[in-house]
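Starting from the known structure of chain R, fit chain W onto it as the hints suggest.
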Amino acid sequence: MSLFTSIDRMTKSGCNQVEWAASRRDFLAKAGAGFGSLALTSLLARDAAAAEASRGDLVNPLASKPPHFAPRARSVVFLFMEGGPSHLDTFDPKPALKRHAGKPLPPSFTKGLITAMGEYDSPVFPDKREWKQYGQSGLWVSDWCRHAGENADEMCILRSCWANGIVHSNGVCQMNTGSILAGRPSLGAWVSYGLGTVNQNLPAFVVMQDNNGTVVNGPRNWGAGFMPAVYQGTRILPGSEPIANLNTPEGVSDERQLGKLDFLNSLNRGHASARASQTELDARIAAYELAFRMQAEAPDAVDLSKETDATRRLYGMEDKDSATFGRMCLLARRLVERGVRFVQLYSGAGSKWDAHSDIEKNHGERFRETDRAVAGLLKDLKSRGLLDTTLVVWGGEFGRTPMSEKGNGRDHNPTGFTMWMAGGGVKGGQVIGATDEFGLHAVEDRLHVHDLHATILWLMGLKNLGLTYNYKGRPENPTINEGEPCVKVAGHAA
Amino acid sequence: MKSLISASFLCGATIVSAAAAPAPAGAAFFESKVRPLLVEHCFKCHSHDAEKIKGGLVLDSRAGVLQGGDTGPAIVPGQPGQSLLIKAVSGADKDLQMPPKTKLASAEVETLRQWVKMGAPWSGTGSQTSTPKRAAGKITDEDRQWWAFQPVKPVAVPAIRNPQSAIRNDIDRFILAKLADAGLQPSPEADRVTLARRVYFDLVGLPPKPTEIDEFVNDRSADAYEKLVDRLLASPRHGEKWARHWLDLVRFAESDGYKADDFRPHAWRFRDYVVKAFNDDKPYHRFVQEQLAADELFADNPDALAGTAYFRAGIYEYNNRDVRGQWQRILEDITDTTADAFLGMGLQCARCHDHKFDPILQKDYYRFQAFFAPLLPRDDLTLATPAERAGHAVKLKQWNEATADIHTEITKLLASVKRNTEKSAIEKFIEDIRVMMNKPPGERTPYEHQIAELAYRQVIYDIERLDTKLKGEAKDRVLALRKKLTEFDALKPAPLPTLIAATDVGPVAPAVFIPKKESLGAIPAGFPTVLDEKPATVKPFATSTGRRAALAQWLTQPSNPLTARVMVNRLWQWHFGRGLAANASDFGKLGEKPSHPELLDWLAERFVAEGWSLKKLHRLIVTSATYRQRSQTGAGEGGRKGEREIAAPAPSHPLTLSTAHLKDPENRLLWRFPSRRLEAEQIRDAILSVTGELKLEPVGGPSTDALTPRRTIYSKILRNARDPILDVFDLAESFNSVAQRNTTTTPTQALLLFNSQMMLRHARAFASRLDQEFPSSDDEMIGAAYRLAFGREPRAAEKAAALKFVGEQMKRIGAAEAAASAKPFAAEKMPYRDGVAAVVTPEIGSETLLVPDSPTLPKADFTIEAAILVRTVDKGGTVRTIAAKWAGDNKKPGWGFAVTGDGSRRKPRTLVMQFIGTKLDGSFGEDAIFSDQTLELGRPYFVAASVRLATNKEPGEVTFYVKDLANDDEPISIVNVPHSITGGFANTLSLQIGGRAARSGGFDGMIDDVRLSTGALKQDELLLSHDAATDKTAGFWQFESRPNAFKDSSASGNDIRPPAAAAKAAANARTAALADFCHALLNANEFVYVD
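Chains R and W supply the protein sequences, listed in that same order. Take the first sequence: its letters are residues 8 to 501, numbered as in the working numbering. Take the second sequence: its letters are residues -11 to 1079, numbered as in the working numbering.
Chain R extracted, bound-state conformation:
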């Protein structure tokens, strides 16, 4: 339904808007003289630039903000393979696995190693993949990701990632928040805080998942932690109501809903008129108006009916297996087009990449679900000129062990694993870092999760240590006082 026009009508016919806004500015100007001009300056600046903007913008924390330096990427699409995809069967070929198949790893590799399921002394499990070099750059990619491989010249493969969490909950928590312990803001929340959003009618940070399962730890993965909730990610749900409670309730006509809204507005304006200095009352009125502007824009953003069959095929949507993730990737492109800052897509929500046994079946299915969709996203972004400004990140919370588990699976491996990045200023066709000969530990150009986050922020024009939020008297930053951007991803010398 379109409440958009009605809102317009309502605000104009409400109270004397223009005069009111002017007096509010006066008040702020006076007050400002007393308490520092920071807030005031930015408010007035924005106010002048958007004279017609609703009053809510006066206090909008998600207003677009300048980065620290010229950004390479404007948006991020983070493809999160939840459960931990194997690097050894995808982007980090290790011939030694075949040579040592069936034998335990030399003790020097496993000394002090703790694995989730206690597989430290299990025999080495060889990969069963066919490997091929792709593109001009000749990057090695396995047959599981052959479609993604076609974009090799856009991809920068990071083979030396490492993390601290050995189980899913702390791994996923760290890959999202920098800490294996809950309570900190997610990377997307930091980006929303640091850069705001260019589209006020859509969330700055959007999350989607491919099934009804619960992403490990639940919604706090995209939470704002100790920062205000306004920066947290918003789930876009499949089906008829993309955002919780977005629709007018069942069985309620537009006319009735509007009548109620009008009445509520008159209650609130009467109340606010006697409380001139309480701007949060106006912010709350504006929040209702905004909620209904969102009703107009969000359904359109997720409406795929105008996409061509060719586009759908590009994302593999005609195929039953890849239809769901294909749809998510296509939605991600539509959201990025509309200015959404950070899109996170979960594949295998509920640890479905967790191949403790029968990795052939598990990963085979996951890649059937995702490989074409991911490749399609890269191609589509590129053909539309969006790849230059959109950073695509692929990976999970950790990789998998060279040792077998239950004979045909692999245990968790946070000490060395692969992620890749493309677009958004990343120089494609390169590999950074390396693991040891078995792929157990990252050994060259090691990239901790904090470094990965610093790199993503750096590509977005933000300094990981310079982006601070004061909490309990401490200037907190996204990477917990650690982490350095890996500037090699953009082709710079280290």
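Any given hint could turn out to be false.
Below, computed lysine to aspartate or glutamate pairings styled on DMTMM-like, alpha-carbon distance capped at 25 Å [as the list claims (entries may be wrong)]:
hint : chain 1 : residue 1 : chain 2 : residue 2
1    : R       : K413      : W       : E415
2    : W       : K344      : W       : D131
3    : W       : K792      : R       : E262
4    : W       : K480      : W       : E376
5    : R       : K413      : W       : E958
6    : R       : K386      : R       : E157
7    : W       : K603      : W       : D158
8    : W       : K21       : R       : E491
9    : W       : K863      : W       : D992
10   : W       : K457      : W       : E945
11   : R       : K359      : R       : E137
12   : W       : K463      : W       : D393
13   : W       : K75       : W       : E28
14   : R       : K327      : W       : D58
15   : R       : K327      : W       : D1019
16   : R       : K495      : W       : D992
17   : W       : K1020     : R       : D326
18   : W       : K32       : R       : E489
19   : W       : K581      : W       : D520
20   : W       : K21       : R       : E314
21   : R       : K413      : W       : D455
22   : R       : K327      : W       : D1008
23   : W       : K89       : R       : E367
24   : W       : K351      : R       : E489
25   : W       : K1006     : R       : E372
26   : R       : K389      : R       : E314
27   : R       : K110      : W       : E419
28   : R       : K368      : W       : E958
29   : W       : K472      : W       : D1008
30   : W       : K42       : W       : D58
31   : W       : K683      : W       : D202
32   : W       : K880      : W       : D915
33   : W       : K577      : R       : E483
34   : W       : K344      : R       : E489
35   : W       : K416      : R       : D128
36   : R       : K135      : R       : E367
Far from chain W, by Cβ distances over 12 Å, these chain R residues were calculated [unchecked claim]:
hint : residue
37   : R106
38   : R136
39   : V179
40   : E296
Hints are computed from structural coordinates only; laboratory data are not their basis. Backbone N, C-alpha and C fix where the C-beta goes; we use that ideal spot for every residue, glycine too.
Frame of chain R; chain W shown alone:
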């Protein structure tokens, strides 16, 4: 959507209100923008930490900046153009260029320019002196001079000559003195209606009832207000409100907070302990001692021991094989939380290095941690007196003797599977942990015992699930034996209440080392060096180190400079929205200095002198004239019998209010009362209260789900599945200690309050209450609605507007709409799932969700699936039906899929598929097929029964599937049970969801995504893998609002038929219009803000 708009309640110009009260804009700007810049780009050469200070310039203090270096002052405050620093960083002068090798970004230069223009504010008010360099690991005399470390000194109450405004107690003298210094005056006293609403929400967390307002307004005695305050402080509702503040501080929640967010069924005892402590006005020093060391100080008092659950409230990961790591993180959580909550010092920074700004050494972190290093979590203690325990033991012995044979046989049957389970559970740990576990407890070191016990919890987790690993005859036998055991229930004593608690591991403490500095040796327990550099004096007990007792006693000595100040300040913050010291859990240098340091000390001293009584302190604060001021400075609100005065400045007021805004826009000096938004719990409680749904009984006890209309303090707080309404209104994340909640304003809140089925349900309840209590006229109803929701009468114009709205809305509402708004079941979010589920109660289960019989409903093999959450099961043998095509008559054909009751002939709380049909031998009758998988109450599950009928060739089989939706790690449980039904159960009855066509058998809980399919589906065809309708689907009911809650999502078109009776009863446009009016009131700003 959590986005787009957020506003602080303190000041509209504060862009985002954060957890900590906002610092003055300048200091905040410096702290968030400037200091990081200086640290990053300048300090390498221009700070006291620099290896070599270049050019004689230090930029790590304001004094240093002003004094400048060899070339003169770095800045001229307010004059960027004349400031060397700006010249240097802007690159205008090549010789000056700084930093020498890189260039600052233009935005950074702009930041510095803006900062200088603002007058170069530094962090913290007045802290403009140079911070002296502190040598590593040392505390300076100047550090000790910091106000918070000074003893609380007696303070003289300021004398106020010729007061122009009311002075009700000495608090007002302190406030007036500061206001006078600033040339400001307080606001006049708020009217009584406003005051009543304020003090009710503040002291008991609920809105006053209209009769309660009347009682107060009509009480003409001079101390009417004081009497009201006393009534509220004595009300059991007081503790129910104030406990939550403390629970935020001690990061309390009722689930594990990791991947498996396991519910903690006994955690509520700590919540009740805190509620009771506030209600009983337990002296604060005792409250502190009990939580930190009841096991050492009050070992014989189980009530006090409940306080030690404080140590257990943090998060826990049930399958973490890194046992040492997990234990260290548990200790860090306890260290950090204790420092934050009890000491008001943020120690976290010092975990890795000396604190950069405060005199907290890294060593201090581990000295403090050493108090807790001997802890041992305990689940084996009970909340019982020695006599109760003895009595219980006698009865238990009798029961054990009477059932010895049964127990022996069960033990025998379980022996091998238990052995294997234990063995494989232990094998998941690395060698050195296994060694610890395999040692007899007596031979373990204290640390080994802690680690082994922590690891053993994982083994116990598996052992508790032994029954699921049994198969065939052994399983049937164990079930039969367990059934037989219940015959002895009369002999069995009720279990003693389980206590979640902690004690020490023994009299010897494991050693604490600073990571990577083990060479420094073991760190003895001690307090922060700045307060006391000697190790703590600890007197060991027979079975305990005595360390925590020493800590508790040190904290609660009257001479401790922090404990009383911190708590007094918290109370002030919870009453006024901001503490006298703004950063309530950190009195260090990054916090602000108190706005009224003398008042803080005066209150702290009095608090201790009056026996650490929180209620006396509450009373003192809320009876002050400062608290009773008006919050509003504009035109007044609509009157209630002329009671609500016009809040315009009094003629004698020497200053206009805009002057006060100008001089003290943040109201730090309290020239008015700060109005504010209700907190999450108060919003839910107020909704339930106003709509008449709220049940105040039972007080305390096990937590209930969000659907139960009890006070929110009694709702389950699950870390990973937050209740939607609490979540959007800024419920604290229970992962760390939270001293002050965020207050955000978001469209998500608007969407939830305006569009959710939950709020429509509350609005209908509100309307129906009005209809029942004030049936005489719309006019009266509207008046009553205003009194209930806002505490006041509507003005004439408001009443007219409301009447007009109801009239117009009636015209807008069609008959179909009215019917839809009277949907007989509520649609709510099921924890850990998306969308909404149908809420079904036994009362409606028998009549409402009917799918008329149709040829597409299966008559042979079929599969029924659903997501369910069982709130209760029947106390007897009656089942609770998930879905049935059966009238419950054992002689007539049909089938039912249900959950068994406590008195089940087989096993309680398990799935059962009942058939009345034809059996293999040709007879007609009942067959009940049990899954034997136990369902926990209040937990979401996916359940399914895939039915393959018996044929001449092979017996039939029902495959039951159960998947715990709260724990992804828990694998799907699959059970195959043979049966002999060949068919003959078809009938012409409706399919019913949540009930069967009989009085009994209605479901109690939530049901969602019910799918009925033709044929026995295989595992990979279930909803868990493909959550859509397929060509096998006979019906798929998802209860979502689009297209509508009754719609079948499959192609079969088997929609649920809304019951005619309910639709007719509600097809009343007036009722619906009235509900819309109520709904608007519940959304109104006046409802969620308190003046």
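Cross-check of the supplied hints:
With a CA separation close to 14 Å, the supplied pair K413 (chain R) and E415 (chain W) stays within the 25 Å bound. For the hint linking K344 (chain W) to D131 (chain W), the alpha-carbon distance of about 13 Å falls within 25 Å, and the restraint holds. For the hint linking K792 (chain W) to E262 (chain R), the alpha-carbon distance of about 15 Å falls within 25 Å, and the restraint holds. Our distance criterion of 25 Å between C-alpha atoms is met by K480 (chain W) and E376 (chain W), whose separation comes to about 15 Å.
Note on K413 (chain R) and E958 (chain W): the hinted pairing holds, with a Cα-Cα distance of about 18 Å set against a maximum of 25 Å. Proposed proximity of K386 (chain R) and E157 (chain R) is supported: the alpha carbons are some 9 Å apart, at most 25 Å. In summary, the hint linking K603 (chain W) to D158 (chain W) is supported, as the alpha carbons are separated by about 17 Å, within the 25 Å threshold. Only pairs whose Cα atoms come within 25 Å are accepted, and K21 (chain W) paired with E491 (chain R) is accepted, the gap being roughly 20 Å.
For the suggested pair K863 (chain W) and D992 (chain W), the alpha carbons sit about 12 Å apart, so the restraint of at most 25 Å is met. Of the supplied pair hints, the one linking K457 (chain W) and E945 (chain W) holds, its CA atoms being roughly 20 Å apart against a limit of 25 Å. With a C-alpha separation of about 23 Å, the suggested pairing of K359 (chain R) with E137 (chain R) holds against the 25 Å cut-off. Restraint check for K463 (chain W) and D393 (chain W): the C-alpha separation of about 17 Å stays at or below 25 Å, so the hint holds.
Restraint check for K75 (chain W) and E28 (chain W): satisfied, since their Cα atoms lie roughly 18 Å apart, inside the 25 Å limit. Distance check on the hinted pair: K327 (chain R) and D58 (chain W) sit about 73 Å apart at the alpha-carbon level, beyond 25 Å; violated. Restraint check for K327 (chain R) and D1019 (chain W): satisfied, since their Cα atoms lie roughly 15 Å apart, inside the 25 Å limit. With a C-alpha separation of about 59 Å, the suggested pairing of K495 (chain R) with D992 (chain W) is violated against the 25 Å cut-off.
Taking the CA atoms of K1020 (chain W) and D326 (chain R), the gap is near 20 Å; set against the 25 Å cutoff, the hint holds. The hinted pair formed by K32 (chain W) and E489 (chain R) meets the criterion: a straight-line CA distance of about 17 Å does not exceed 25 Å. Only pairs whose Cα atoms come within 25 Å are accepted, and K581 (chain W) paired with D520 (chain W) is accepted, the gap being roughly 22 Å. For the given pair, K21 (chain W) sits about 44 Å from E314 (chain R) by alpha-carbon distance, which is inconsistent with the 25 Å threshold.
In summary, the hint linking K413 (chain R) to D455 (chain W) is supported, as the alpha carbons are separated by about 24 Å, within the 25 Å threshold. As the CA atoms of K327 (chain R) and D1008 (chain W) are separated by approximately 14 Å, the hinted pair is consistent with the 25 Å bound. For the suggested pair K89 (chain W) and E367 (chain R), the alpha carbons sit about 53 Å apart, so the restraint of at most 25 Å is broken. As the CA atoms of K351 (chain W) and E489 (chain R) are separated by approximately 22 Å, the hinted pair is consistent with the 25 Å bound.
For the hint pairing K1006 (chain W) with E372 (chain R), the CA-to-CA distance comes to about 18 Å; that is within 25 Å, so the pair holds. Between K389 (chain R) and E314 (chain R) the alpha-carbon distance is near 16 Å, which keeps this suggested pair within the 25 Å criterion. Under the criterion of a C-alpha separation no larger than 25 Å, the hint pairing K110 (chain R) with E419 (chain W) is consistent with the structure, at around 20 Å. A threshold of 25 Å between alpha carbons decides the hint, and for K368 (chain R) with E958 (chain W) the separation of about 20 Å falls inside it, so the pair holds.
Annotation: proposed proximity of K472 (chain W) to D1008 (chain W) is violated, straight-line Cα distance about 38 Å (limit 25 Å). In summary, the hint linking K42 (chain W) to D58 (chain W) is supported, as the alpha carbons are separated by about 9 Å, within the 25 Å threshold. With a CA separation close to 23 Å, the supplied pair K683 (chain W) and D202 (chain W) stays within the 25 Å bound. For the hint pairing K880 (chain W) with D915 (chain W), the CA-to-CA distance comes to about 13 Å; that is within 25 Å, so the pair holds.
Annotation: proposed proximity of K577 (chain W) to E483 (chain R) holds, straight-line Cα distance about 16 Å (limit 25 Å). For the given pair, K344 (chain W) sits about 16 Å from E489 (chain R) by alpha-carbon distance, which is consistent with the 25 Å threshold. Distance check on the hinted pair: K416 (chain W) and D128 (chain R) sit about 11 Å apart at the alpha-carbon level, within 25 Å; holds. Between K135 (chain R) and E367 (chain R) the alpha-carbon distance is near 8 Å, which keeps this suggested pair within the 25 Å criterion.
The beta carbon of R106 (chain R) sits about 27 Å from the closest Cβ of chain W, which is more than 12 Å, so the claim that it is off the interface holds. Listed as a non-interface residue, R136 (chain R) keeps its Cβ farther than 12 Å from every Cβ of chain W; the least gap is roughly 24 Å. Distance check on V179 (chain R): its Cβ comes as close as 8 Å (rounded) to a Cβ of chain W, failing to clear the 12 Å threshold; non-interface status is violated. Distance to chain W contradicts E296 (chain R) as a non-interface residue, since its nearest Cβ pair spans about 9 Å, not more than 12 Å.
When the structure is compared with the earlier hints, violations turn up for hints 14, 16, 20, 23, 29, 39, 40 and for no others.
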